[in-house]
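Order-wise, the sequence lines are chains U and B.
All the letters of the first sequence, read from the start, carry residue numbers -3 to 231 under this note's numbering.
All the letters of the second sequence, read from the start, carry residue numbers 2 to 522 under this note's numbering.
These are calculated hints, taken from the structure and not from any lab test.
Treat the hints with caution; some may be incorrect.
As the list claims (entries may be wrong) - Subject to a maximum C-alpha distance of 16 Å in a straight line, what follows is the list of computed EDC-like cross-link-like pairs (lysine to aspartate or glutamate):
#1 B:K144 <-> U:E41
#2 U:K191 <-> B:E210
#3 B:K142 <-> U:E162
#4 B:K144 <-> U:D186
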Amino acid sequence: MKLILDRIKNGIETIKDPLGENVYSYGRIEVDSETCNLCGLCEKECPVNAISIMDGKLEMDSRKCIFCKLCIDVCPNDSLEMTHDYKISAIEELREKIRREVYSTFQRSLTLRAVDVGSCNGCFLELSAIGNTYYDMSRYGIHIAASPRHADGLIVSGALSINMKEALIKAYEAIPNPKIVIALGACSYDGGIYKDGYSVIQRVDEVIPVDIHIPGCPPSPAAILEGVLKIMKNK
Amino acid sequence: MDELKEELGKYRCEESRINNLNELYVDCSQSNIEPIAVLLKNQYKLKFIAEFCMDTGKEDKFKISIVFTNSKESYFVILTYTTVDILVSMQNTFSQAHLFEREISDLFGLSIDGGSDVRHSVKHEIWDAKAFPLRKGFPYKGKIKENHEIPNYEFKRIVGNDAFQIPVGPIHAGIIEPGHFRFSVIGEDIENLEIRLNYKHRGIEKIAENIDANKLNLLFERVACESTLAYGEAYALLIEKMLNFKVSREIQSLRVALLELERLYNFLQDVSGICVDVGFSYPAKKLSYIAEIIKQLIERVTGSRYARNSIVPMGSNIDFSQENKRNILDTLGGIRNRIKLIADVTLESFTFLDRVENTGIVKNNIAKKLMMTGVVGRASGVDYDVRKSFPYEIYGDIKKTNNIEHIGGVFERYKLKIAEIDDAFKFIEMALSNIDNEIKKNRPIIELEKGMEAISIVETAKGELMVYGKMGENNKFDRIYFKTPSFTNWKGLTIAVLDEIVPDFPLCNKSFNMSYSENDR
């Protein structure tokens, strides 16, 4: 009875549009090329080498960025600014054809198998957060499967540790074709802050083909949802 | 501590010195380390908490350190000895010593002398047998070679007509980190559980030796995401202890408020998880919803849902205004009663109680032997909380008593987690009442000298976290060692599930809720 009262009092808690603007979220870092004098301080400061100066221009690789904001603090001209745009995932071009194939097979739903290969657990906390009643991923037809045999694809997080390599390959092979792979977070792209560790021997995409990287450290629930929906969208 | 120093002088110890007010370093020799360790345990009732190794960089010599604590008088005793290739086993004196020794043996290549458990832990079958990555001779950025012929790993076997094994993992059915569980079952009852971890080993301790001290907090925070703030705090305390620096009371209070927010969402998720595994979905869903609200609150205050890069040594990396303070108080005020209402409903529901009561029990003497810490330890009657025994920041003023239960089952852990949630609300309110002015972002540059060393200790949501750091050249550390709470607590789970049925395993597991990533590092 108390629970029914609680339910009536608080109403529906699932939000209508989880992909709306979030003014507190961290997002892509923008460079003001007019004030930037290419001094290179931010390039040196970045702990994950996400910044490079090429052809007289500052290049930011969002896939490597761990959003620590050290580059913003060190910039003498305040040329760098962090926006709240978290929608920064991009589908790998080479895999585009397969994505269409997957879509035509599975229509509007996607069942994924979650594999962690060596992260800090942040990506998985956020992945479980999109299952809560606030974001509610199942309304989009996204589910997490208990077996790779029931899955349409893998969702991988973390820097690939030598001890997990065999398990990752086995899980990938156990999924029926066609299959997709979603990589979560900076460390699943190139190892992130752990890339110099002795047991992080390869990048994830050197072992299995990755369709989409969702950047962030960890990517927020909205960013994960946006990335997964991008894969499902038929265009 | 001074008495102890004099007393140990009689045992032909080469040198002893007191550092940072509460750390007594005693240099012993390989031959008298064992009798001194036994003496500290039996006569002085000190508690063994960790054992680690350092490469001295000279003539292939290694320095082994064994850390003891006295939690009543808040000091550390660190026994050290130098060795070339042999590790003196303490397995007969301390039952959990094998965990530390096997890790040292795998990463430094020392052989364990006199131990009964010498299996590999970090080193899985795929590793090149001759790779000892934490030695200074192993180059940074060097990678371990893969073995092509992979030998089998022997699990413990239960023999009998109806006996069988259930292998689970490393990849689990859900959104969980990797680890392998091998259940040996007769009928429905679990006779033995063997847990194999370290699938996520990333070599964080080696990476930490090669990052500048000014950026090292970023790596600390990425040992385990759910304890981001606690790890950041451990790093800040480590540096501040080395430099004998104290931050202002307002920053101390801000840190405590943030740390308690982190504990709050962790315990809410744990309590919600226990409800999921019992099958009581309304509290499960609503409590995880409230945890989400708290993460959003942290994002509003710090700019990151896990408050990354917020706590930095000697300052604060975020601006904190009175508006933020009101924001926190308003949000928490709105949910406090609701959590209480939902928790009361679960405690009144007999179907819920039927599942959790008398399930997954770890008795007090076993918990002490296994060095269980945190909520899991206190549920079994281990009266120890770092916040009270080694008070940091403003905990000395606000943390007066420990929450404690005695039976040691799932229900006790559940009740304690609810008590910790209650405490967190109280502590946040107390801490925020100390902040009357705006706190400005201030990140001083850290400069440390070679040879400085210190130990810091923090209570995370999982238990006691100890960090040892020793400085090397170029403002980089020579050695960082983490004794994480999950490292010793995992063994408790294998005891808790004995004689329970397999379907109760998730319930026991969730009530422990140990972290794989901080164990594996």
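Tested hints:
1. B:K144 <-> U:E41: 25 Å, violated
2. U:K191 <-> B:E210: 14 Å, holds
3. B:K142 <-> U:E162: The given pair, whose Cα atoms are some 22 Å apart, is violated under the 16 Å limit.
4. B:K144 <-> U:D186: 15 Å, holds
Checked against the numbered hints above, the structure violates hints 1 and 3; every other hint is satisfied.
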